[in-house]
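**Q** The lines below spell out each chain.
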Amino acid sequence: MTRFLLFLGQRLALVVPTLLILSVLVFGLQHLLPGDPALAMAGEEMDPQAVDELRRKYGLDLPIPLQYWRWLTAALSGDLGMSLRNDVPVAELLMGKLGITLQLAVASMVIAVAIGVPLGVLAAARRGSWADRIGSFFALSGISVPHFWLGIMLVLAFSVHLNWFPASGYVPFREDPWRSIMGFVLPSIVLGTGIAGVLMRHTRSAMLQSLGADYVRTARAKGLREKRVVLRHALRNALMPVVTLGAIEFGQLLSGAVLTEQIFSIPGFGKLLVDGVLYRDYAVVQGLVLVSAVLFIATSLVADMLYFLLNPRLRA
Amino acid sequence: MSVDTTPALLQVEGLAVEFATRDGVVPAISHASFTLRPGGCLGLVGESGSGKSVTALAIMGLLAKPAARITAGRILLDGVDLLALPPEEMRALRGGAVAMIFQEPMSSLNPAFTVGDQIAEAVRAHARVGAREARARAIELLRQVRIPGAERRFDEYPHRLSGGMRQRVMIAMALAGNPRLLIADEPTTALDVTVQAQIVELLRAIQAEHGTAILLISHNLGLVASLADEIAVMYAGRLVEQGPAARILGHPEHPYTVGLLGAVPRAAPGDAPLTGIEGMVPDLRSPPPGCVFGPRCPFCVATCRAAEPALRGMGAGHASACLRAPLDALA
Numbered sequence: 001m002t003r004f005l006l007f008l009g010q011r012l013a014l015v016v017p018t019l020l021i022l023s024v025l026v027f028g029l030q031h032l033l034p035g036d037p038a039l040a041m042a043g044e045e046m047d048p049q050a051v052d053e054l055r056r057k058y059g060l061d062l063p064i065p066l067q068y069w070r071w072l073t074a075a076l077s078g079d080l081g082m083s084l085r086n087d088v089p090v091a092e093l094l095m096g097k098l099g100i101t102l103q104l105a106v107a108s109m110v111i112a113v114a115i116g117v118p119l120g121v122l123a124a125a126r127r128g129s130w131a132d133r134i135g136s137f138f139a140l141s142g143i144s145v146p147h148f149w150l151g152i153m154l155v156l157a158f159s160v161h162l163n164w165f166p167a168s169g170y171v172p173f174r175e176d177p178w179r180s181i182m183g184f185v186l187p188s189i190v191l192g193t194g195i196a197g198v199l200m201r202h203t204r205s206a207m208l209q210s211l212g213a214d215y216v217r218t219a220r221a222k223g224l225r226e227k228r229v230v231l232r233h234a235l236r237n238a239l240m241p242v243v244t245l246g247a248i249e250f251g252q253l254l255s256g257a258v259l260t261e262q263i264f265s266i267p268g269f270g271k272l273l274v275d276g277v278l279y280r281d282y283a284v285v286q287g288l289v290l291v292s293a294v295l296f297i298a299t300s301l302v303a304d305m306l307y308f309l310l311n312p313r314l315r316a
Numbered sequence: 317m318s319v320d321t322t323p324a325l326l327q328v329e330g331l332a333v334e335f336a337t338r339d340g341v342v343p344a345i346s347h348a349s350f351t352l353r354p355g356g357c358l359g360l361v362g363e364s365g366s367g368k369s370v371t372a373l374a375i376m377g378l379l380a381k382p383a384a385r386i387t388a389g390r391i392l393l394d395g396v397d398l399l400a401l402p403p404e405e406m407r408a409l410r411g412g413a414v415a416m417i418f419q420e421p422m423s424s425l426n427p428a429f430t431v432g433d434q435i436a437e438a439v440r441a442h443a444r445v446g447a448r449e450a451r452a453r454a455i456e457l458l459r460q461v462r463i464p465g466a467e468r469r470f471d472e473y474p475h476r477l478s479g480g481m482r483q484r485v486m487i488a489m490a491l492a493g494n495p496r497l498l499i500a501d502e503p504t505t506a507l508d509v510t511v512q513a514q515i516v517e518l519l520r521a522i523q524a525e526h527g528t529a530i531l532l533i534s535h536n537l538g539l540v541a542s543l544a545d546e547i548a549v550m551y552a553g554r555l556v557e558q559g560p561a562a563r564i565l566g567h568p569e570h571p572y573t574v575g576l577l578g579a580v581p582r583a584a585p586g587d588a589p590l591t592g593i594e595g596m597v598p599d600l601r602s603p604p605p606g607c608v609f610g611p612r613c614p615f616c617v618a619t620c621r622a623a624e625p626a627l628r629g630m631g632a633g634h635a636s637a638c639l640r641a642p643l644d645a646l647a
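Chains as they are written, first to last, in the working numbering: chain A, 1 to 316; chain B, 317 to 647.
Hints in this document: simulated from the structure, not taken from any laboratory.
No residue lacks a Cβ here, since even glycine has one placed at the ideal position from N, Cα and C.
Certain hints may be false.
SDA-like, lysine to any residue: derived pairs with alpha carbons at most 20 Å apart [what the hints assert, rightly or not]:
| # | chain 1 | residue 1 | chain 2 | residue 2 |
| --- | --- | --- | --- | --- |
| 1 | A | 57 | A | 68 |
| 2 | B | 381 | A | 84 |
| 3 | A | 271 | A | 128 |
| 4 | A | 227 | B | 433 |
| 5 | A | 227 | B | 382 |
| 6 | B | 381 | A | 92 |
| 7 | B | 381 | A | 129 |
| 8 | B | 381 | A | 279 |
| 9 | A | 57 | B | 402 |
| 10 | B | 381 | A | 13 |
| 11 | A | 57 | A | 255 |
| 12 | B | 381 | A | 131 |
| 13 | A | 227 | B | 339 |
| 14 | A | 227 | B | 404 |
| 15 | B | 381 | A | 265 |
| 16 | B | 381 | A | 7 |
| 17 | A | 227 | B | 380 |
| 18 | A | 227 | B | 403 |
| 19 | B | 381 | B | 323 |
| 20 | A | 227 | A | 244 |
| 21 | A | 271 | A | 122 |
| 22 | B | 381 | A | 296 |
| 23 | A | 227 | A | 296 |
| 24 | A | 271 | A | 245 |
| 25 | B | 381 | A | 114 |
| 26 | B | 381 | A | 57 |
| 27 | A | 227 | B | 327 |
| 28 | A | 271 | A | 102 |
| 29 | A | 271 | A | 14 |
| 30 | B | 381 | A | 5 |
| 31 | A | 227 | B | 440 |
| 32 | A | 227 | B | 379 |
| 33 | A | 227 | B | 442 |
| 34 | B | 381 | A | 102 |
Covered stretches of chain B (in silico footprint by chain A; criterion: 3 or more residues with CB under 8 Å from a CB of chain A, positions within the stretch not fixed) [said to hold, decoys possible]:
| # | stretch |
| --- | --- |
| 35 | 396–409 |
| 36 | 456–466 |
| 37 | 542–549 |
| 38 | 567–578 |
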């Protein structure tokens with residue numbers, strides 16, 4: 001337990017400088033982008049006085065380091081500024097979308113793990129067999145088929161022709177749980193199959209490695225059934241790299257799936273990001289990137305903890 | 317081969333194993349035959365690549381399929397041909413009547429589970445016992461292999477143990493199914509010299525206390541000399557000499573065995589200088605004509621290259637596959 005806390009402490013200590021560097025990048029990138037938000041807000045007429053006023057109002061006339069400092073201190077207290085377009089606090093805007101993105105990410109990950117890991121195990125255990133070949137074909141397809149194409153095909157098949165799932169739109173869970181879940185099925189499949197392919201390939205290669213290990217030979221030598229050899233002795237060790245990879249994929253899902261959300265009209269982080277960029281809504285984009293990055297770091301932290309728990313060699 | 321008339325525990329008859337490789341089929345073992353009596357210890361000796369470990373894995377039914385294929389022979393355990401057993405019966409035998417320990421105690425234990433867990437798993441693979449009973453039995457096994465603080469060690473992970481301790485754990489695991497035959501493949505090679513002696517002592521005690529027969533596989537003649545009562549020497553997938561240990565060590569009748577003995581370092585000063593064996597192990601895909609050891613043999617003559625010599629009795633249960641034996645006359 002003390003070792004766990006020590007390990008956790010070490011990781012957390014690394015998080016602080018990472019976040020600081022990140023904040024500089026997030027803030028800095030905005031200023032490298034062409035375009036002037038004040039001009040965008042002022043509209044077609046571009047009255048120079050109005051533009052200046054807007055600049056002053058949002059602190060855009062201050063020196064950049066000072067703007068950064070103001071932004072950082074505010075962000076630390078949970079104030080990510082105001083959305084220039086909607087005139088609502090960015091934090092509030094993000095909180096509203098977080099649940100949607102989280103729901104989509106979790107559903108996609110469930111599909112990815114449920115398909116990718118068993119297929120990878122099967123392919124490795126029956127290396128060279130039909131199961132292996134079909135699994136590898138599926139994995140490659142999952143990775144290489146573009147999301148927009150798969151999304152459109154799924155909509156055509158399951159919404160237009162079969163009418164099993166809604167083609168698009170988001171229904172809040174509280175409003176109608178069943179319709180809410182049904183609405184997430186197709187987009188989760190689109191996102192999940194791609195990740196399933198990645199997970200399958202990594203599970204397969206990690207399994208092949210552990211199936212060739214001496215301890216697997218020992219497990220067989222002591223007369224264990226092949227199922228137990230594969231699912232306990234080999235898989236337990238093969239899971240370690242897969243967990244890390246899964247966490248990275250999950251972290252990426254949390255930053256929003258731009259195309260998929262667009263296709264299925266899901267108002268998550270991806271949609272917010274597109275709108276933010278289109279309308280030069282600095283504060284929204286900054287806040288979004290920052291929150292996504294923090295979520296990503298948090299996911300990695302959880303993955304590290306899982307890795308620690310899976311790997312006794314780190315514990316002692 | 318033995319003058320002993322008790323029925324053999326293990327009888328390997330004309331075993332031949334091939335490996336399919338990218339460069340074609342390699343015959344790893346060609347018609348090897350030997351026997352091991354109950355409670356005895358047979359040392360299987362030879363250089364790396366001579367087919368010792370392949371023989372062991374063939375007995376265990378653990379040859380890597382589909383690359384390895386047994387093309388001929390029988391492996392009889394108590395008269396039952398293991399090669400003809402259905403997979404499920406063979407599985408029950410593994411870790412049961414026949415157990416095996418390996419060269420690398422470092423990598424042979426699963427790093428993700430405690431040693432006790434792994435021993436208890438072996439117990440439960442061969443006896444219908446509950447978790448608590450399996451734990452008690454595992455602790456008892458840890459005591460049997462003389463691991464101090466067995467109760468405490470049960471919950472230890474392999475990486476916390478030394479090489480010697482891990483090999484003891486491997487032995488405990490092998491004993492879990494009360495084996496009648498223990499195959500020890502280079503059990504001490506990866507260990508420190510002082511630890512080696514302890515493991516040898518442990519194996520000897522197990523043999524004496526449980527009547528477990530040991531098939532000891534090693535390139536180390538010193539180790540084999542200290543445990544085995546019979547020795548079989550393998551070269552290039554063939555048995556070239558076999559017989560009682562004292563005879564083979566004191567009076568080898570195959571030039572390859574003579575060469576092996578000449579390459580054993582001794583601690584005493586003033587001994588004869590170490591001698592190696594000239595040349596290289598032949599390529600098994602295209603073995604030399606006649607005797608496979610011919611190209612490296614100081615006594616090789618034209619007849620040796622004509623046909624592959626078979627094992628020939630030299631008296632007192634001793635057999636050599638050398639046309640020119642007895643060698644005394646040649647030296």
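**Q** Compare the structure with each hint and give your call.
**A** Each hint tested on the structure:
{"no.": "1", "hint": "A:57 x A:68", "in the structure": "holds, 16 Å"}
{"no.": "2", "hint": "B:381 x A:84", "in the structure": "violated, 67 Å"}
{"no.": "3", "hint": "A:271 x A:128", "in the structure": "violated, 43 Å"}
{"no.": "4", "hint": "A:227 x B:433", "in the structure": "holds, 18 Å"}
{"no.": "5", "hint": "A:227 x B:382", "in the structure": "holds, 19 Å"}
{"no.": "6", "hint": "B:381 x A:92", "in the structure": "violated, 61 Å"}
{"no.": "7", "hint": "B:381 x A:129", "in the structure": "holds, 13 Å"}
{"no.": "8", "hint": "B:381 x A:279", "in the structure": "violated, 63 Å"}
{"no.": "9", "hint": "A:57 x B:402", "in the structure": "violated, 84 Å"}
{"no.": "10", "hint": "B:381 x A:13", "in the structure": "violated, 49 Å"}
{"no.": "11", "hint": "A:57 x A:255", "in the structure": "violated, 30 Å"}
{"no.": "12", "hint": "B:381 x A:131", "in the structure": "holds, 17 Å"}
{"no.": "13", "hint": "A:227 x B:339", "in the structure": "violated, 33 Å"}
{"no.": "14", "hint": "A:227 x B:404", "in the structure": "holds, 12 Å"}
{"no.": "15", "hint": "B:381 x A:265", "in the structure": "violated, 52 Å"}
{"no.": "16", "hint": "B:381 x A:7", "in the structure": "violated, 42 Å"}
{"no.": "17", "hint": "A:227 x B:380", "in the structure": "holds, 17 Å"}
{"no.": "18", "hint": "A:227 x B:403", "in the structure": "holds, 14 Å"}
{"no.": "19", "hint": "B:381 x B:323", "in the structure": "violated, 32 Å"}
{"no.": "20", "hint": "A:227 x A:244", "in the structure": "violated, 25 Å"}
{"no.": "21", "hint": "A:271 x A:122", "in the structure": "violated, 37 Å"}
{"no.": "22", "hint": "B:381 x A:296", "in the structure": "violated, 44 Å"}
{"no.": "23", "hint": "A:227 x A:296", "in the structure": "violated, 35 Å"}
{"no.": "24", "hint": "A:271 x A:245", "in the structure": "violated, 25 Å"}
{"no.": "25", "hint": "B:381 x A:114", "in the structure": "violated, 29 Å"}
{"no.": "26", "hint": "B:381 x A:57", "in the structure": "violated, 75 Å"}
{"no.": "27", "hint": "A:227 x B:327", "in the structure": "violated, 31 Å"}
{"no.": "28", "hint": "A:271 x A:102", "in the structure": "holds, 14 Å"}
{"no.": "29", "hint": "A:271 x A:14", "in the structure": "violated, 31 Å"}
{"no.": "30", "hint": "B:381 x A:5", "in the structure": "violated, 46 Å"}
{"no.": "31", "hint": "A:227 x B:440", "in the structure": "holds, 15 Å"}
{"no.": "32", "hint": "A:227 x B:379", "in the structure": "holds, 18 Å"}
{"no.": "33", "hint": "A:227 x B:442", "in the structure": "holds, 16 Å"}
{"no.": "34", "hint": "B:381 x A:102", "in the structure": "violated, 46 Å"}
{"no.": "35", "hint": "396–409", "in the structure": "holds (count 3)"}
{"no.": "36", "hint": "456–466", "in the structure": "violated (count 0)"}
{"no.": "37", "hint": "542–549", "in the structure": "violated (count 0)"}
{"no.": "38", "hint": "567–578", "in the structure": "violated (count 0)"}
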